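In the numbering used here, the protein residues as written are 9 to 103.
Any given hint could turn out to be false.
Claimed, not checked - FRET-style restraints, in silico, Cβ to Cβ: (1) 86 x 14: 16 to 24 Å; (2) 101 x 74: 15 to 23 Å; (3) 71 x 13: 13 to 21 Å; (4) 68 x 94: 13 to 21 Å; (5) 32 x 83: 18 to 26 Å; (6) 48 x 74: 15 to 23 Å.
No wet-lab data here; the hints were simulated from the structure. Just so we're clear, the structure is a prediction, and the values are computed from it rather than from any experiment. The C-beta atom is built at its ideal place from N, Cα and C for all residues, glycine as well.
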Amino acid sequence: MSPGQREGRRLLVSGRVQGVGFRWFTRRAAAELGVTGWVRNLPSGDVEVQAAGSPETLARLKQELERGPGGARVSSVREERLASVPEWESFDVVF
9 MSPGQREGRR LLVSGRVQGV GFRWFTRRAA AELGVTGWVR NLPSGDVEVQ AAGSPETLAR
69 LKQELERGPG GARVSSVREE RLASVPEWES FDVVF
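Based on the sequences and whatever the hints tell you, model everything.
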């Protein structure tokens, strides 16, 4: 895989991840890493992230999600590769 190649990922974060600033934490981490995509709360209590970036930056984003902001208690981060790489221009919080 070439260094500049982008991939897409869906990450599902479980635990105490709503009501603790998790979406804003994710947005800030993604912006710092140059990752594009979006994050949203799910009715199940989980947080869903869809992101595009290099394999290295996506791995670093996953590490940040596993850590989470203060007040969060992440129990798992499930990851799957997206079939195609979306062409998002920014990283947004979706309501």
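Status of each hint after checking the structure:
In this structure the supplied range 16 to 24 Å holds for residue 86 paired with residue 14, their Cβ-Cβ distance being about 21 Å. Taking the beta carbon of each, residue 101 and residue 74 are about 19 Å apart, inside 15 to 23 Å as hinted. Remark: the range hint 13 to 21 Å for residue 71 to residue 13 is upheld by a beta-carbon distance near 20 Å. Taken as a hint, the range 13 to 21 Å holds for the pair residue 68 and residue 94, whose Cβ atoms sit roughly 19 Å apart.
The hinted range of 18 to 26 Å is satisfied by residue 32 and residue 83, whose Cβ atoms lie roughly 20 Å apart. Judged by the Cβ atoms, the range 15 to 23 Å given for residue 48 and residue 74 holds: they are separated by roughly 19 Å.
Of the numbered hints stated above, none is contradicted by the structure.
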